[in-house]
Every structure is written in C-alpha cells, then in structure tokens.
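Sequences and hints are given; from them, build the entire structure.
Protein sequences, first through last, are from chains S and R.
Sequential numbering from 1 applies to the first sequence in our numbering.
Sequential numbering from 1001 applies to the second sequence in our numbering.
No lab work stands behind these hints, which were simulated from the structure alone.
Please read these numbers as outputs of a predicted model, since none were measured by experiment.
Certain hints may be false.
What the hints assert, rightly or not - Which bits of chain S does chain R cover? Going by a derived footprint, with three or more residues having C-beta under 8 Å, they are:
#1 197-205
#2 335-349
What the hints assert, rightly or not - Each pair of labels, with its calculated beta carbon distance range:
#3 M1025(R) / P221(S): 55 to 65 Å
#4 E339(S) / A1087(R): 21 to 31 Å
#5 M1025(R) / M170(S): 45 to 55 Å
#6 K1031(R) / E339(S): 23 to 33 Å
#7 K1237(R) / A98(S): 49 to 59 Å
#8 R1144(R) / A98(S): 43 to 53 Å
#9 L1088(R) / N127(S): 44 to 54 Å
#10 R1144(R) / R266(S): 17 to 27 Å
#11 D227(S) / W1007(R): 29 to 39 Å
#12 P1040(R) / L94(S): 47 to 57 Å
#13 A1087(R) / V350(S): 33 to 43 Å
#14 E1207(R) / W38(S): 17 to 27 Å
Beta carbons: idealized from backbone N, C-alpha and C, even for Gly.
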Amino acid sequence: MAALPVIASGRDIRLDLFRGLALWFIFVDHIPTNVVSWLTVRNYGFSDATEIFVFISGYTAVIAYGRMMQRDGWMRAAGRVYRRVWQLYVAHILLFVAFSAQVAWVSEARDTPALIEEMEMLGLGQNPYRAILEAALLKFRPVNLDVLPLYIVLLAAFPLVLPALLRRPMAVIAASLALYAVTSHFDWNLPAYPENKVWFFNPMAWQVVFYLGAAFAVLGPRLAWLDRFRLPLSILAVLYLVFAAIIALSWHYNPLERLIPAFIGRIIYPIDKTNIDILRFAHFLALAWLVRLVVPVDAAFLKWRIFLPLRRCGEQSLLIFCLGTFLALSGQVIVDHFEESLLSQIAVSVGGILIMCAAAYAASWFKGGGTAGRDRAPAAEVVP
Amino acid sequence: MTRAWHWLAAILLVIVPTAASPQSMTLCRAKAELLELGSPLEIARKAIATRKQLRIIALGSSSTAGYGVSNPAFAFPAQLKMGLDKALPGVDVDVVNKGIGGQDVEEMVTRMRSEMEDNPPSLMVWQTGTNAAIRHMPLEKFERWLRRGMTIGKSLGTDIVLMNLQYVPAVVAASDKEAYEKIMGAVAHEFDAGLFRRFDIMRGWYEDGMPYAQFVQLDGLHLNDFGQKCIGKLLTKAVLNSLNGP
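Written out as structure tokens, the structure is:
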C-alpha cells in the first residue's frame, strides 16, 4: 500500500448521534432500579452501550489524529493525543473527587450510622491515603468509574499504533484480534487495587473494539466490498440479534428461560464482560452492520432537529460522560429515597438527560465563542 | 393503528412490573431449614465468649471478591461484617476478604495456609465449587483438593463454613453441578464443618418466580448487587443461628 489513505474529512453526524445515545444509555443503565433502562440495548442482547462508546472512540481517534499525522507529522499528532489523555485523566480524578464528596454529603445529610457503610462504598473506609494514591494510579476505580480509565489506557497506546494503522489497517486488525484472543485465553489483566480486584473492562481485551473502529475509519470506502455479501450478512445479523434478544429476555421471564435448551446454556455461558466475550463482540458487530445499512451517512433524518440534543451530547462526550456518571449516583439516591417508585425512576431519568443536554448546549455555546445559531460544532476540534 | 397501540400497551403492562429489578430486601428470603449450617461453630463461640472477638476470613473466588458489584460494601463478606456488628454489640467483629476472581479449589488450598497465618481466624467461610463446575474439573480431583483444604483449615484451629455453588445460568447449564454440590455437603459433614446451601437458597428464588436478572449479572454467572446483599444477609442469619443455637 504505497499511497496513504484519504481519511474522511467531513463530520460524520452518525458518530456524534450514536455516541450521544450511548452516553444516555450509560446514564440510564447505571441507575440500578430503572424502568427506563428498558429503552436501552442492554436488555435486548449481549452487548451494551460500552461497545458503542469504545468503537466510536476508536473511529473518531483516527478522524481526529490520523489526518493530523498525515498533515503535520507524528510528533504533533502524538502531542495532541497526550494532551487529550491528560484531559481525560484530569476529568477522571475530578469525577472521583466529586463522587466521594457526593457520597460523604449524602451520608451526612441522612445523619445515620450508614456513613461508614457509605464510605466503605469507596473503599476509603480502611485506608483512605492508600486509596487516593491507588486512584491516582488508576488502579482503584470504585462504583462505575471503570470506563474512563479504559479509555485513558487505550488512547495512551494509540500514538504507538497510529503509523501502522494508517499504512496497514488489516495487519493492525489481525494483531488486535491476536492480543484479544491471547488475553482471554490466559486471562491476563492489569493490576488493580485492592489486590483481589481486576480492571472490570480489561484494556487488553477491549482494545479489539477500539482498534476495529479505528481500522474501519482508515479503511472507509474500502469496506465497500462487504456490500457484495449484503444479503447473507444481513440475514446472519438479524438471526443472531433475534437469538440474543430471546436469551436476554429470558433473564427476565422464567417461563421463557425454561424453554431454552440446556445445551445452548452450556455453550454460551458465562458471557464475560471483563474480557468482552466473543458473543458480546459479535452482537455489537451485527448491530453495527445493520445500523450501517439502515442509517447511511447522508440520511436526511440525521439532520432532524429532534436529534440535535443527542448530537450535542455526543460532541461533548467527555463532559457528558462525567456528568452522567455523577448524575447516575444522585439518581440512585433519589430513587432509593422514594422507595423505588416508578414515577421517581422516570423523573430521575428524564431529569438527568435534560441536565446532560443543557450542559452539552452550554459547552458547545462556550466553545463556539458564545455565538448563537450555529448548527454544528467547529470542524477543527473533532475530539475522540 | 389503534390495535397496534393496544398491543404495545399490553406488552408494556407485562414488562413494567418485572422490569425494574428492585433493590429492596423484602424479596430476599430463604426457607428456614436452608439457614441451618449444621455446625455449632464451637471455636467461634469460644472466641466471642472469652475474648469478645470474632475473626472471620472469607476465602473464595469472584463471589467473595465482589466482582462487578457497584459497591464493595455489597459483597457478601462486607454484608456479613455489617450484619454481625449489628447483631453482636460489644464484640469486635472482623471479616477479611480473601476472594480472588477465577480461582479454583486447588489454587485456594495452595494459598490457604499463608492467608490464615496472616489473619488467624476463628471462622473461615470458604466459597468454592462454581468454577470447578463450569470448567468441568474431574469430581475426584475436586473432592481430593476439598479434603486437603479442610484438613489444613482444621489443623489451624478454625471453624469452617463451606459455601456451595451459586444457582445461575452458567452453573445450571453445567451437567453435573449437583455432584459438586453433593461432594461439598458430604465433606462438610465429615469434617464437622458448616454448609451454607447457597445453591438451594438461590434455586428457591428462581422457583418462586424471581427472574435471573433480579439477582445475576448479565454475564449469567456473577451475583449482582441484590444477589450479593441478599446472600450476605442470609449468611449472617445462618451464622447467628449457629452461634445462638443449642
């Protein structure tokens, strides 16, 4: 491959839209008792919003830094990646502090001996100094704070892979698959704190989603050969999604569960999340394939105003992710306070999403220099 | 069109009540006889009576480590500590969590001595069997290692409570899960150890109509927040039954 690939320059609205959707899903799913989570992918198959988020992150990483490397060289692109990694790290630490503060505040406000119990929640109970150190090293990640560290590790390794990715995307896919296979087989993971914990999202396994997204961004139109198999692939995808939906729904309905033959259970379980089980990965790919067909890049409805809040949230993904994680904890406390009433679940979900949208609009307004009436974010700053 | 809406409403009505897995512990139950450990826990009793102290070590795999729970305080060893603290005022209760995800019986036996020498307990809760069942460890090998562990534990002067397999899709799918369960029961009996019948307790939940999503993570293997908290509460009850029993 002599010539470097041409990386798409226009902003692909789908990326922002589906990333925004993934962020909403993550927020809704992180409230343990929430009827609204029936609107998310999680209950209808094996994969969930995490796959969408990580895949799009890989894709946008190439859009943002691939072109930069071709234009300004590796050094400059790598510099920009590490600036982003630093932003993510700062955001994660801030989120950790905000989280701890919220737990402490809630416990104080309730004025019960639950305080100790709640602080235990953060592992800050026995040895707070050590926990803070381990948090700074990303080894200690309490309560739903697992996704950003995964993203930080993936992006930190990205500059080292980027040159190969631009020249030989297929080779990178092969290497990535190999690392994924070896990691799952030998059950490798990064060190965590306390010692008996693991990285809930193992970066050495989850990198496969990230780099598949990245490689697809490089390959771009060269993926068109897949369309020759459009019909068989689509049939396979639909069949698999239906199968996954039946299994996933069976976890909620025992009569349906009893209909699943035992040999299927023997084959599919457990469906590991830490090392992204092949069933999860395949489920995401099937979903992505169908979305690609149903939602072409130039689909008119993508620009409908009704989708604008989603796109805004997707554009401000880091802010909205952090906010969503924080709000999910608040939501959990509120739902708990109202004895898990349906109304509280719905109110908290809608309220949280409204806050996330307001924050996204405010952030893009600030970024645009405070001018109103723009329809899209500045093209120069496509952030992964 | 209106017909479609009626159908949609009907489906929603079916879904909604079961949908949002409530976290409230009112659903957390077990038959009374399943909360009998079958051991008076003499050593633990004596430690409470003479030293006002109860040191517990929780040895196990991912259930013990609390894999995937949204809050380490929900893992059953932490719940056991909180429950015993409340029930035994004035007694210094400590539960050391020595769960390591993915470990099988032989790996636990290999580290058992050093774990116990670091934290000499008067009660060891040993959770095992699940990984052996889903990986199809030969039954005689499982039994051999289990006995070896019991011998080590007893020789170090502690009461032992064995916690058997969890009732979850991944385990239910394993063809001979009951065989592992039986071995654990027989070995517990033989060594005068307690047996916490997690498998039967959780099967009771399922048979009473509780869906897996209420107590299992979506991987079909690990207990979720509710499952962990409930097992912790029931284990506390069972241990107290033994300590307060005849």
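Hint by hint, which ones does this structure get wrong, listed from lowest number up? 7 and 9
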